[in-house]
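Here's the letter readout for the chains.
Protein chains: 2
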Amino acid sequence: MLMKYRLFTPGPTSVPEATLLQLAKPVTHHRTAEFRKTFAELQELLKYVFQTQQTVYTITGSGTAAFEAAFTSVVSPGSKVLNVTNGKFAERWASYGKAFGVQVEELKLPYGQHATAEQINNTLKSGGFAAVVLVHSETSTATTCDLQAIAKVVRQHGDVLLIVDGITSIGAFPFKFDDWGIDVAITGSQKSLMLPPGLGYVCLSPRAEAAMEKNKQSNFYFDLKKYKKSIADSDTPFTPANTLIEAQLTSLRMIKQETIEGVWRRTQGCAAAFRAGVKALGLELFSQTPADSVTAVKYPSGITDKDFRNTLKKDHNIHVAGGQGTMEGTIFRVNHMGYTDIYDCLAVLAAIELTLKKLGKPVQLGAGISAAQQELSKLF
Amino acid sequence: MLMKYRLFTPGPTSVPEATLLQLAKPVTHHRTAEFRKTFAELQELLKYVFQTQQTVYTITGSGTAAFEAAFTSVVSPGSKVLNVTNGKFAERWASYGKAFGVQVEELKLPYGQHATAEQINNTLKSGGFAAVVLVHSETSTATTCDLQAIAKVVRQHGDVLLIVDGITSIGAFPFKFDDWGIDVAITGSQKSLMLPPGLGYVCLSPRAEAAMEKNKQSNFYFDLKKYKKSIADSDTPFTPANTLIEAQLTSLRMIKQETIEGVWRRTQGCAAAFRAGVKALGLELFSQTPADSVTAVKYPSGITDKDFRNTLKKDHNIHVAGGQGTMEGTIFRVNHMGYTDIYDCLAVLAAIELTLKKLGKPVQLGAGISAAQQELSKLF
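Chains A and B are the protein sequences, given in the same order. Mapping of the first sequence onto the numbering used here: position 361 corresponds to residue 1161, and the numbering continues sequentially without gaps. Mapping of the second sequence onto the numbering used here: position 48 corresponds to residue 848, and the numbering continues sequentially without gaps.
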């Protein structure tokens, strides 16, 4: 039976057909007037997605590469940062201090929880911090925070920079770099921005740019000062993944056409529908403050990760993610970002119903998708 | 008049249609058995191209990213390296010392020249070097060296590592990592390996791996120890540009089918034909030891870079590269690497003849392509 491939991992996510076709076009050179025009348009569209008037730098590399560019460009060796540690990605950023001579104080929280503005405010009161590092949407636990409120309190602590991993928030749900007063934000191409992996993006506030100018950290490929110099001429300091950049334009134009508010609304609508659906099936969410970009669901007793995800894959050609690290086997994760619509959301829910039933779990077929449908109706 | 687009810049180079179509396939996730199989095959094919039994690491990033991974993983802060500085890329690698606390002694040569084994041997005699860094094929000047002879003398200096930028040599003309005793070699995806930019590759000898284990340099995204750990499971430590990796397989299988010796022979044949052609037109080569991957040609008096390359582009839809830095306006460069055959070589020569004539240079039409044809006949 024909069963279309449906990718529901929280990155890489599906890429629009128009963008894929762009990737199949003959390769051109990047030191041309045409490419500079492309790169200039990319810049404007990235600013729109980040909701900023600041420059957004393009790094050829993964989201981790973007984080490294941000971290090593603005955080000085010997300084102290506060890292909110509440998941696998937050743990990765905490380990950056060790590699780059930065003292990292951690605000540790159980998986599935996130810091409040009050907690961050209280921790910062001890003083001496150069920056706060946090993950806006911790992909490993599908957990978000009130970033606007957090930014507000960080702003009250002088020159403390707010460094935000927005890899699975920017372009998925509300994120306003300028209005909220974020200092550093990063994302990757393979999440909400509807492209394969290979590009990372970094935005710096004027305060972060000032910190960068004074910083003595050792870097080269990740030295954003080099990117800043090049971007004045709509260029990059090192050979960029130019076919990905050209294709990124196609996807970002789609976001512009839908409007960023429209994209946020759709993603939030799908997430709300999916959460309502799995709850109606008697399943529990893992996160105490769920992100709208990805949902983590606890396995009910008697259902193993292997059986569940294998059945979804084999019977339904649907790929959802499992848990990472110690969460492996205890949760599955479903993406709502990027090139996915409400009927994709219904499809994955329907497949989950059928899979649970096949694996011997008593489910009322249609209960999940009906509950989701109630939520989806709010979008019309 | 229909005029097909022909890309002759020394990277990005043309990508085979089959590879482009692979890039247009729907995106899948990379933490799967299928992708691990792909990645394992990539590994075998890269070993074939590098002519090694050692592991070849895949970095999502440009060739500079691959160099940084190599340099920061094996060269310790405080140590001294000998950098052969004879072009724009060699100059870039010389500047790495400053960023990473490494003392760089330079063997400086005029553009268009390269170091001999004797020069390197003499310089190393002063002692205390941890490594020699050189560019096998300096793309900015289209100049190569006798790497096999150089490797032989470096081997006589104890633990001195030989770090080779093979970005425009590996997969273009003879390069034998194991047989020649190279310690570190890097290349990028967008040159001989027939893929768009976005992936870099690094190979380490057992001696280089041992140096890496002892090294205390600060790195993270570029820490090859992390890649070594992951590759045991055919995986990468950070999200790879997985669609590029899948497409790389298509291009590398083509190289395997042609055989690496066949690829070298074709590239060398095209380069020899092109050099014979431009000489027959009265033009001069820039390099004293020309590389077979790219040819740099001096502009004759009265021909400006702007007129020449604009005419090639507008009349013939052919894109060749100009000179970089102080060489700008004095040379043009034509690629022979990757997805390009003998008739592409004839086409660019024919277009150069027509362009020179149009710009008022007295040329005997057909003289260049006839001379090239003599060389090409040796391939049959």
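Read the hints as simulated data drawn from the structure, not as lab findings. Mixed in with the good hints there might be a few duds.
One copy or any two copies: either way a pair holds, since identical chains are not told apart in the list.
Unchecked claim - Cut-off 30 Å, straight-line C-alpha distance, at most; resulting in silico cross-link-like pairs (DSSO-like, lysine-lysine):
1) 925 / 898
2) 1029 / 888
3) 1079 / 1056
4) 825 / 804
5) 880 / 1014
6) 1113 / 1158
7) 1157 / 1114
8) 1029 / 1106
9) 1178 / 1029
10) 976 / 1028
11) 847 / 1098
12) 1161 / 1028
13) 1056 / 837
14) 925 / 1026
15) 1026 / 1016
16) 804 / 1161
17) 1056 / 908
Going down the list of hints, with the structure as the test:
1. 925 / 898: For residue 925 and residue 898, the Cα distance is within 30 Å only inside one copy (24 Å; across copies 37 Å).
2. 1029 / 888: Between. Shortest inter-copy distance 18 Å satisfies the 30 Å Cα cut-off; intra-copy 34 Å does not.
3. 1079 / 1056: neither (33 Å within a copy, 53 Å between copies)
4. 825 / 804: Both: 25 Å inside a chain and 13 Å across chains, each within 30 Å.
5. 880 / 1014: both (16 Å within a copy, 27 Å between copies)
6. 1113 / 1158: within (13 Å within a copy, 62 Å between copies)
7. 1157 / 1114: This pair counts as within: shortest intra-copy Cα distance 15 Å, inter-copy 64 Å.
8. 1029 / 1106: Only across copies: residue 1029 and residue 1106 sit 24 Å apart there, 50 Å inside one copy, limit 30 Å.
9. 1178 / 1029: Cα proximity of residue 1178 and residue 1029: none, with 47 Å in one copy and 48 Å across.
10. 976 / 1028: Classified as within; 22 Å inside a copy, 39 Å across copies.
11. 847 / 1098: Classified as neither; 36 Å inside a copy, 43 Å across copies.
12. 1161 / 1028: neither (56 Å within a copy, 42 Å between copies)
13. 1056 / 837: within (18 Å within a copy, 38 Å between copies)
14. 925 / 1026: Intra 35 Å, inter 36 Å, cutoff 30 Å: neither.
15. 1026 / 1016: both (14 Å within a copy, 25 Å between copies)
16. 804 / 1161: within (25 Å within a copy, 60 Å between copies)
17. 1056 / 908: neither (37 Å within a copy, 51 Å between copies)
Hints 3, 9, 11, 12, 14 and 17 from the list above are not met by this structure, while the remaining hints are.
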